[in-house]
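Engineer: Read off the chains here:
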Amino acid sequence: MLRGIFGHPFARFLIKKVIFYAIVTFVALTFVFLIPRLMPGDPVDMMVHPQPGSPWYNDMLILRENMREYFGLNKSLFDQYIAFWGQVFTLNLGVSYPYLYPSSVASIIMARLPYTLMLVIPVLFVSFFLGNWIGAKAAYTGGKLSEAVYFFSVFSNRLPSFWFGMVLVFILAGRLALFPAYGYAAPGMLPSWNFNYVNSLLMHYLLPFITLMIVYLGGWATGMRSMIIHEMDSGYVRYSEQLGFKKSTSMSYAKRNAILPQFTGLNLYFNALIGETAILEMIFGWPGVGRTMFDAVFSLDYPLIFGVFIVILVIVILGNFLIDTLYGFLDPRIRAGGKR
Amino acid sequence: MWELLLNSRKFMIGLSIVVVIILLGVIGPMVTLNPNKMNFGALSQAPDTHFLLGTTQFGEDVFAQLCSSIRNSLMVGAFAGAVGTLIAVFLGALGPYKGGLADDVSSFVTNVVIVFPVLPMLIVLSAVIVERTLFLVGVLIALTSWPWAARSIRSQVLSLKEREFINLARMSGMKDRITVVTEVLPNMLAYIMMVFVLLTGGAIIAEAAISMIGLGPPHALTLGQMLYWAMRQTRLAHWWDSWWWFLSPGIVLTVFLSAVFVMHAGMDEIFNPRLRKM
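Chains A and B supply the protein sequences, listed in that same order. Position in the first sequence counted from 1, then plus 96, gives you the working numbering. Position in the second sequence counted from 1, then plus 900, gives you the working numbering.
Hints are not guaranteed to be accurate.
[What the hints assert, rightly or not] Cβ pair distances, simulated, as ranges:
| hint | chain 1 | residue 1 | chain 2 | residue 2 | range |
| --- | --- | --- | --- | --- | --- |
| 1 | A | Gly168 | B | Val1030 | 38 to 44 Å |
| 2 | A | Phe122 | B | Pro1118 | 33 to 39 Å |
| 3 | B | Asp1141 | A | Val222 | 52 to 58 Å |
| 4 | A | Leu130 | B | Pro1118 | 53 to 59 Å |
| 5 | A | Gln147 | B | Pro1118 | 37 to 43 Å |
| 6 | B | Ala982 | A | Lys240 | 57 to 63 Å |
| 7 | B | Ala946 | A | Leu130 | 49 to 55 Å |
| 8 | A | Ile115 | B | Val1030 | 47 to 53 Å |
| 9 | B | Leu906 | A | Phe425 | 36 to 42 Å |
[What the hints assert, rightly or not] Coverage of chain A stretches by chain B, computed from C-beta distances (three or more under 8 Å per stretch; other residues unrestricted):
| hint | segment |
| --- | --- |
| 10 | 152-164 |
| 11 | 371-384 |
Simulated from the structure, these hints should not be mistaken for laboratory data. In this text, all values refer to a predicted model and were calculated from it rather than measured experimentally. Glycine included, C-beta positions come from ideal geometry on N, C-alpha and C.
Okay, chain B solo, but in the shape it has when bound (with noise of 0.2 Å):
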């Protein structure tokens, strides 16, 4: 079945377009210049051969802040996505396998946080949290990111129970929670890899929200950070002026997006057996 993601088209072209941005942020802040050092010779320049996509008004290369800001960008999506992501397996396969009572609660948790406005409620808790770090931003989008996750996984743990194979496992006396990681969850890692593909460009968006409005965490060069400080400072008559500030950190963005949707639709082509062609 993995061999089946190699040949596909739109499976591939998501991964390459992700895997150069990976590389962006990771080899591009080794080869480029100081994200913050100012160069007071050349203040809001436009781009050219030297600074590739400009300056910013203290005379910083926005090329070499994009690179950085992929790189902190991409840490906080991923952590805040793989976090999420163990959440909703654990609510999400808890749930039908004890039955009962905890299947109850750990839908009606998920009912619950599935309503709560996610993006008032990160800004109400970055307004009572002073100190507010990468790691921490991360946390809060990882708590709030999951549910919808968490119930499409509940919904396939309840169709795979329903097997033969998982009924022999059960018929042989294996418990439950062996049962569980040894026959479920193996059967579902194609899910969860789609569920983390996902969750990891939600939390992208979700912490470039937050810093686009000055709430991220103050000391780390993020995409969102860069929309912030395009938009607030600026030496031009209007901050728009300085149009190779604020777009290419968007860019990246609506790039890296569509990669990865473009991914998760060649997943689910070759997973989700009602779309897949033999």
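Bound-form chain A, shown alone (with noise of 0.2 Å):
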């Protein structure tokens, strides 16, 4: 029984998959907790500056020991890496300091999570399969529709995300007063599932939104309309053609091999978005995990910033797990065995 379930393709790819990302997140959190350490100074020594001839001086030095007796900065690397894995797995990542000093940072990241999420995932998506719409269609007209679809894909998703986001907050939040330019909901307004609370949230959301749907759907019609050309050229379309097939009978086989490559891309967009939802969030004011990170960095607040980027690192990770495991349900190849 059990070795019928491992003798399976699709079992043995994502066992393959999992040992893996398993070891990723291993090495990406041993570096996360070396590099810190192997600069010199430590956090303490950037939150605490004693100043010598300074009446407090003397009590500064003690603070800054009692510090790192705090956060455990004075005991051996190799205990501190051991407690580093006990927090990790029991995301007890510590409390924010100074930050939001005494929130837990599991705690202010739970909260702050679903706003990066609801802004990533629905644009990961919803480009996807429109981008990938535009393009086959445009591939499959040709002539002047399809050079004007490639030449608009390339250059929208040449724009720095970062730099169109703020043009369009200068034309439509700045100029035609069409959206509120920064922030997440009306001041004073707390979350709740009233109307207006939905929508003010939802108007402060359609300009990152936008922003980023712009960029990417570029790539992935750019990406299409250059397959559906190379498939259009290949035997079988042509012989289907000659068959008197006709030609929307033809283009869903077309399609259907032209899709499966652009699933690869999902890993490397879905990366890419991350980084940039971080930073649109800044421009933004949309209060993500990427903003409370920037936040973080610039309050010093080491174990916010730290448990921020371990969050981030997870996530990026079981993401690009289940776009794996979808490909491999996808692909016959891996799905039903066989050589590959």
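Make the complex out of the two chains shown on their own, each in a separate frame, by following the hints.
Structural biologist: This is the structure we're talking about:
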């Protein structure tokens, strides 16, 4: 029974992926642990600067020692490393200090994570379906439309999203006053499920969403257009045309073959999207994890900086694993097995 | 093959735009005013004949700032692009040539780095490194930008490896290392150049993204740094009221990246046998 499950090619594919991502997580978190500890000085040096000659000099030195003990920085590197993994597994990432003292890092992140995911996930999937549809349509129609789609999608994909976001704020929020420029809800509103709040949230949501959407649509459309053009040139499409198939029938075969490589692009786009969303959150004042990290960096809140980074890392790895699983499920060579 | 490039319309259009931007960065800082000179008689002025692109809130000439920023951004980009290309060539060519464990390790390292969330990691690194210089930011970008390039170079080397002249070199007793340097790499020069061009474009945008959120080198003016200050410092009611300040760096970035893409597309048509029109 067990052997039957592990013998299945799809199961083997999944197990390989799980092992791979487990190693990636291990390596990445070890880096996160080591890098700041290999740098000269430690966070406490940056938070407390005792001035020789000041009346509190000795008190400051004692404060520093107490803080080191509180953060566990006076223990040996190995003990710290063990404690670090304990924290990661129990999701006990410490207390934010000084940015949002005394909230726990985990509770801050849990409150802000939904805002990031509600940008990343819809943008990823809507741009994937819409962009691929536009690209396929353009290649299928050909002529001037195809050229125009190519031109615009290359251009939109070259736009630096952080600058394009600024331009949209300038035009749509500043000049035309269609959208609010900053934040996530009108001042004074508390998150709840009433109409006013949801409406206000939506209006604030649209600008960053449109920004990312335009940039990512272009990427999918260019890729799909060239894939379809390549497939339309291949033997089976030409043959089916000679057999007198309707163009839409042969196109549906071409689309199936062209979409598969596009799915491998999901990983790359997802990884890029996580980073770009983090930056856009700062421009639009969107309260996701990216902006939290930014605020933490500027208030030297080390527990929060590393907490956010660990969570982003876990999301990226989980996302990549899910996308790989989806790919394995869609690719008949992996799903049904046989020689690859 | 190289003279084909001169006849490629795409390549030449892209190249001429890139050259114009490089000239702006090289000659611009010599002829414009000091980019940090504050002119208190002309604070936050819109573009006119005296200040081609207006002034910042401190009365600094935006055009002068733009030229210095282009120079610094190009320097970081070219440096990070070159280092990234070297890493990609080394790891990409090593695997197929050594085979076995070396191949497994280099592919594995590439696959691991490919899933790293680069921008958040650069943010963390910038937070723990206090002395950020242009050079250091370049190194950080180079260390994170190479994986896709290494992967595609690896597949190029794998297909080149099976060609007759390589077999001939091997049969005549040439050492692997020498074969790679004298036979394989020269045949991949065009491809490596394409990788360098794309990595440079990517490095410039990565630097702009880091500087845009205030984590770039604090004492050097780059395109991202201009955007950062334009958003944060304004005497006017909103930051977007001084539109001349933030529009120009972004336009330069977009035009540069588009030109790099067009150049790359032109090179691809010539060097990629599948796309070549004979």
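Engineer: Next step is simple, just say for each hint if it's right about the structure.
Structural biologist: Going through the hints against the structure:
For the pair Gly168 (chain A) and Val1030 (chain B), the beta carbons lie near 22 Å from each other, so the given range of 38 to 44 Å is not met. Between Phe122 (chain A) and Pro1118 (chain B) the C-beta distance comes to about 34 Å, which sits within the given range of 33 to 39 Å. The supplied range of 52 to 58 Å is broken by Asp1141 (chain B) and Val222 (chain A), whose beta-carbon atoms lie about 33 Å from each other. A C-beta distance of roughly 25 Å is found between Leu130 (chain A) and Pro1118 (chain B), which places it outside the suggested range of 53 to 59 Å.
Roughly 23 Å separates the CB atoms of Gln147 (chain A) and Pro1118 (chain B), a value that falls outside the hinted 37 to 43 Å. For the hinted restraint 57 to 63 Å between Ala982 (chain B) and Lys240 (chain A), the CB-CB distance of approximately 40 Å leaves it violated. The given range of 49 to 55 Å is respected by Ala946 (chain B) and Leu130 (chain A), whose C-beta atoms sit roughly 51 Å from each other. For the hinted restraint 47 to 53 Å between Ile115 (chain A) and Val1030 (chain B), the CB-CB distance of approximately 38 Å leaves it violated.
The hinted window of 36 to 42 Å between Leu906 (chain B) and Phe425 (chain A) is violated, with their beta carbons roughly 48 Å apart. A count of 0 residues in the segment 152-164 of chain A with a Cβ less than 8 Å from any Cβ of chain B is obtained; the coverage claim is therefore unmet, three being the minimum. Three residues within the 8 Å Cβ limit are the bar, and the segment 371-384 of chain A against chain B gives 6, so the coverage statement holds.
Going through the hint list in order, the structure does not satisfy hints 1, 3, 4, 5, 6, 8, 9, 10.
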